Structure formats: C-alpha cells, structure tokens
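Visitor: Sequence:
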Amino acid sequence: MKGMKLTLHGDGSNTRNFMYVADVANAFDVILHKGDPGHVYNIGGCNEVANLQVAKDLLKIFGLEKEEEDWITFVPDRKFNDLRYTIDSSKLHALGWKEQMTWEEGLKTT
Numbered sequence: 009m010k011g012m013k014l015t016l017h018g019d020g021s022n023t024r025n026f027m028y029v030a031d032v033a034n035a036f037d038v039i040l041h042k043g044d045p046g047h048v049y050n051i052g053g054c055n056e057v058a059n060l061q062v063a064k065d066l067l068k069i070f071g072l073e074k075e076e077e078d079w080i081t082f083v084p085d086r087k088f089n090d091l092r093y094t095i096d097s098s099k100l101h102a103l104g105w106k107e108q109m110t111w112e113e114g115l116k117t118t
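For the sequence shown, the residue numbers in my numbering are 9 to 118.
Please note that a few of the clues may not be correct.
Pair by pair, the computed Cβ-Cβ distance ranges are [claimed, not checked]: (1) P84 <-> V32: 29 to 37 Å; (2) E112 <-> E75: 19 to 27 Å; (3) D37 <-> K10: 29 to 37 Å; (4) V32 <-> R86: 22 to 30 Å.
If you are wondering where the hints come from, they were derived from the structure by calculation, not from laboratory data. Predicted, not measured: the structure shown is a model, and the values here were computed from it. Think of the CB as a built atom: it goes at the ideal place given N, C-alpha and C, for glycine as much as any other residue.
Starting from the given sequences, assemble the full structure and let the hints guide the process.
Guide: As structure tokens, this is what we get:
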C-alpha cells in the first residue's frame with residue numbers, strides 16, 4: 009500500500025458495482041456472438057459494495073484490519089457524488105451471460 013492512507017469521501021456508504029475483468033471480457037464475447045446488431049447491452053453484476061467495505065476488505069488482505077483507524081481517512085463528500093450507481097443488465101442476462109467471479113474471490117485474485 010506504499011504507506012498511503014485509504015481516503016473515502018463522506019462516510020464511505022456510497023456503493024459501487026465491482027466486476028472482475030474476465031467477467032467483462034466474457035460479457036463482450038456473449039454480446040458479440042449472441043447480441044443483435046444495433047442494440048445496447050449494459051454490463052452489470054451483483055457485486056455492489058460500499059466504499060467503506062472496499063477499504064476494510066483491502067486492509068484485511070494486507071493483514072491490517074486491526075489498524076483500520078490508522079489507515080482509513082474520511083474527507084468531505086463531493087456535492088456531485090452519487091450514493092449509488094446501478095444499471096439494468098437484464099438484456100445481457102437474457103442472452104445467457106452470468107457473472108462468475110464474486111467480489112471476495114476477484115479481490116484475492118487481483
């Protein structure tokens with residue numbers, strides 16, 4: 009971690025959907041071979057995680073979970089920062105695509 013703190017905007021409750029790159033590549037392959045030309049397919053999964061949890065999970069991987077207060081710092085939230093980003097990927101799922109990598113396994117692999 010190079011000795012740098014993990015900086016979170018606001019209280020860290022903002023969530024994001026994290027997806028392993030191999031799942032994204034597989035989604036492109038499914039769209040290329042099964043999708044209809046000219047249609048839009050959103051790529052989204054079910055690994056929605058709060059930013060604070062991301063920081064805690066990273067600290068755990070590095071063996072620093074007991075030093076959480078020393079490594080996580082909070083700064084004022086940005087006025088334009090959305091609490092949550094989410095998309096409807098049901099059209100892609102209808103083509104048979106499914107996210108394979110869980111958040112925990114993807115983070116360990118990374």
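Visitor: Hint by hint, note whether the structure agrees.
Guide: To see whether the hints hold, each was checked on the structure:
1. P84 <-> V32: 29 to 37 Å: Roughly 32 Å apart at Cβ, these two residues keep to the hinted range, so it holds.
2. E112 <-> E75: 19 to 27 Å: 21 Å, holds
3. D37 <-> K10: 29 to 37 Å: With a Cβ separation near 35 Å, D37 and K10 satisfy 29 to 37 Å, so the hint holds.
4. V32 <-> R86: 22 to 30 Å: 26 Å, holds
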